[in-house]
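Model the full assembly from the supplied sequences, consistent with the hints where possible.
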Amino acid sequence: SQTIHQWPATLVQPVGSPLSLECTVEGTSNPNLYWYRQAAGRGLQLLFYSVGIGQISSEVPQNLSASRPQDRQFILSSKKLLLSDSGFYLCAWSYGSGGSYFGPGTRLTVT
Amino acid sequence: AQRVTQPEKLLSVFKGAPVELKCNYSYSGSPELFWYVQYSRQRLQLLLRHISRESIKGFTADLNKGETSFHLKKPFAQEEDSAMYYCALSTSQGAQKLVFGQGTRLTINP
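If you read the protein sequences in the order shown, they are chains A and B. Counting from 1, one number per residue, gives the positions in the first sequence under the working numbering. Counting from 1, one number per residue, gives the positions in the second sequence under the working numbering.
List of simulated lysine to aspartate or glutamate pairs, EDC-like, C-alpha gap at most 20 angstroms: (1) K57(B) x E80(B); (2) K97(B) x D71(A); (3) K79(A) x E22(A); (4) K97(B) x E59(A).
Derived by calculation from the structure, the hints in this document are not laboratory data. Bear in mind that the values here come from a model prediction, so they are computed numbers and not experimental data.
What follows is the structure, given as structure tokens:
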């Protein structure tokens with residue numbers, strides 16, 4: 001069966017520091033991968049998606065970037081964090097039209 | 001622009017009573033609609049899809065294109081239904097780019 005992992009579960013980082021969140025999927029090949037964010041008091045918003053290795057599409061302009069170095073690995077990064085980057089980050093995968101499957105999430109607090 | 005609206009942030013009903021969580025969408029194309037649920041201390045998970053026309057855990061949802069709605073219903077609520085519910089719209093036939101509503105926190109009172 002397919003599983004999706006995210007780490008770390010929680011992270012507290014100072015403003016201006018770099019960020020790297022990692023997501024891996026097991027049990028499937030060539031999935032579509034996604035990064036969503038839920039800011040305080042707001043719904044889930046799609047940040048990036050990828051349909052293949054090295055293929056990244058950004059949905060909103062921001063201080064973050066994403067990379068897909070391997071088929072089942074998706075990384076969310078920032079060179080310098082802002083206070084507004086605080087939130088709950090969710091990685092997800094999908095295959096076809098069967099729905100998206102979400103990881104446990106990372107709670108990021110920028111101080 | 002695509003938008004999903006869940007008008008109720010909080011909904012509280014008694015066990016055994018009917019439940020309806022409202023969802024309205026705005027999209028000019030042919031939408032794919034989903035309901036996701038997040039139970040306490042668990043990850044967000046898919047509950048049901050409109051294209052499947054299925055009933056999951058007693059919940060059903062019918063897509064009404066005339067009213068642009070996809071309300072989630074259950075005839076008899078159970079305490080274990082207490083959770084956060086999100087309605088979502090997929091606007092792409094390829095990558096499943098989801099637009100989420102703000103969510104409704106459902107509480108079932110004993």
